[in-house]
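Undergrad: Here the protein sequences line up with chains A and B, keeping their order. Okay, so the first sequence: first residue is 5 according to our numbering, each after it adds one. Okay, so the second sequence: first residue is 5 according to our numbering, each after it adds one.
If you are wondering where the hints come from, they were derived from the structure by calculation, not from laboratory data.
Treat identical chains as interchangeable: a pair holds within one or across any two.
Once the Cα atoms are required to be at most 27 Å apart in a straight line, the calculated DSSO-like pairs of lysine-lysine come out as:
no., residue 1, residue 2
1, Lys211, Lys150
2, Lys220, Lys110
3, Lys315, Lys385
4, Lys114, Lys58
5, Lys211, Lys162
6, Lys187, Lys64
7, Lys193, Lys150
8, Lys385, Lys316
9, Lys8, Lys230
10, Lys150, Lys226
11, Lys58, Lys25
12, Lys187, Lys211
13, Lys8, Lys220
Model, not experiment: these values are computed from the prediction.
Number of protein chains: 2
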Amino acid sequence: MPFKLTDELLEQVQTLISESKDAELRTLMKEFHYADIAEIANELDEEEATYIIKLLDSEKTSDAITELDEDVREAILNNLSPKEIADELEELDTDDAADIVGELPKELVKEVISEIEDRDHAKDIVDLLRYDEDTAGGLMAKELVKVNENWTVTRCVKEMRTQAEEVTRVHSIYVIDDEEKLKGRLSLKDLLTVSTETHIREVYIPKVDYVNVNEKPEEVAKIMQKYDLEAIPVVDEIGRLVGRITIDDIVDVIRDEAERDYQLAAGISQDVEADDTIWELTRARLPWLILGLFGGAAAAVIMGGFEEMFKKYTVLFLFTPLIAAMAGNVGVQSSAIIVQGLANDDIKGSIGNRLIKEMLLALLNGIILSALLLLFTWIWKGDFMTAMAISISLIAVIVVAGFIGTFIPLFLDKRGIDPAIATGPFITTSNDIFGILIYFWIAKLILGL
Amino acid sequence: MPFKLTDELLEQVQTLISESKDAELRTLMKEFHYADIAEIANELDEEEATYIIKLLDSEKTSDAITELDEDVREAILNNLSPKEIADELEELDTDDAADIVGELPKELVKEVISEIEDRDHAKDIVDLLRYDEDTAGGLMAKELVKVNENWTVTRCVKEMRTQAEEVTRVHSIYVIDDEEKLKGRLSLKDLLTVSTETHIREVYIPKVDYVNVNEKPEEVAKIMQKYDLEAIPVVDEIGRLVGRITIDDIVDVIRDEAERDYQLAAGISQDVEADDTIWELTRARLPWLILGLFGGAAAAVIMGGFEEMFKKYTVLFLFTPLIAAMAGNVGVQSSAIIVQGLANDDIKGSIGNRLIKEMLLALLNGIILSALLLLFTWIWKGDFMTAMAISISLIAVIVVAGFIGTFIPLFLDKRGIDPAIATGPFITTSNDIFGILIYFWIAKLILGL
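Build the full structure now, drawing on both the sequences and the hints.
TA: This is how it looks when you write it as structure tokens:
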């Protein structure tokens, strides 16, 4: 039952296209969900994909277009006339339509918009273009059901019926005043049990969750998750109801944000996918590697400063990769917990307390790990003092690494900078350098060099 | 308007509890959403939190209990009698109720279940306990609206009305046959426009997405995201409709999975939060650090084998942290892209092609980075041959690191093991060792030692 894109199916589609068997193609595609059509189109070449989109009904292809990979969508839209694009937009909800218009070349936008027959729809799309993509306004759709508090139940039911036709999923009925300000929401049950001449202002529920147009998408996601909402109204600076955000858009926000944080932690700086070109992947990865290279060069220079120790205590140098690795690991662990805690609003209390806790934790881990290392080095090299020096240095390195890993994301967050950039290579590299510096310095002190 | 948990509010609540001002507490809490009450209770001590839960209506506290931190919930439930727990369960949807029962001590379960007055509700909860937490069955609720294909529209509307009372959000009306097998779904609009004596089998839509009870939560999440579903029916092995999963539960699945992958990549092995105790955090972090320690010790032993090179080519040793860091960074980047690609079903084509692509990418990055390093080392130390040896080794190390980072997660995935465990410390540590080994081996070869 579930759709599966097989090589056979893909071949069948390609053959039907090359032989222009339109009727058969239509019959075949009729069975598929728009998300499946998008999956097929992603695998076709530009001409084939365009052929499919032109062949099928806008009602189906419009949604498929929103689900396409961005580069495929761009290529297909390039092959469509402004009128054809307008036909697709006509079928879409305003938020999806605005997203597509936002991707069009600037010189094309005006023409496409003017071809949209439903002028209210066109107006709504243009309104949405004004909002920054990274705000609640950039996420919301104009489709919603709203009633005026001064209407009677009779009028309300009549108006709702017209509005609901435009809205795929109603979720909630919002109540506004004459100035379009959001006043509350309406329970369908209440509406059906009161007299038809009652005014809405007597029956509506004044308690309603909402967000401001300028709210960040992540904040909207948090609110909708916390209160288990499937839709939330959006108001402008003076409280007027301007749109509505539904949970499916929020699911995308949550997933995108998680992917971004994950990529930052792994040292990948842009939104890339496994199937991108080598060049795109290099651009996303090389900057962090160069950072690592500079860090490594700095570590080499630092170690160069301790070269005179080589002859007597070669063993110290054998453990530099271990020291660097431990400093990096502890730093990444600490910063990841802080970044995740900040994202979930789990970080309470002062920065001072947080740092003390993290350093106690690092101390505990450091003592256990150092005891193991002491045993290993002592047995291996038979020199207790050197083993002791290495182990004590390791404790210091781990405590400092924990401090840095905790402090940097907290500091960035206080400054309004996304703390997630402090995970991954950034922390690893700085901890490598500090770790090696502390290691040689303490070892030198203990061994009395 | 949005709720904010301030220190003043917390103090006010604590004072009201200590002075037993029940009426005032009730009035204060009446304004709050259950998720806010949970947020308050999480910050109170055990007695205070229990006091609040006992004081307020089960209708509100039941949902608050599901939102509590796990340890707080456990403590509160410990202080409630079986009857009191049953009262809370009575108010909850079956999926949430089953989750709570699953957390209760075994000896208590029978007693609590027997105290539930609504026997159908109790039966549904017990049914749900049978399913593995990590399946669609473990996620689903029993609350849904279903009608028999042999009913007339009149009977259908009557039955739907009764069923809908139990269901918070209806989403869809499912159609079953006499054997409870899922046949399709019903459009409310169709239902209202046909004659009341029509049979459901003549009007229902036979196309409906569903999942099997044994499906993994991540698969359910993928299907619901792909098809923009807000609810999906769950069927058993022989196609009988047994439950329904709603989007709010899927949002939790997506978030939990993202957090887990992120923590694995950061070297944190259990689901911990910033506010957990030092002991819990140590248990989650120490295993990976010990792995890193072993890796570091192995690197030390390897380097020890090249000790005779020390006198002549000390400079080689200065660059071991750089080599280890680059091998680790490249490995983590490669594995993170593969893990994310696998999670999103983006990885198409053979493993062989994937490995060739990754190695070409690593080669490109390696050449750029090595050129930079060559320049640096040559200028710093003035010895072209050594600089050359280090740089060529770096290219080899980066290519191998890319290969390992790509191969291991693909291999684990083929074997049915979660590839995410191969990110973070695991890749870093193995790449450190391989990197250092390759580095000294190639340098030795080039310098003719």
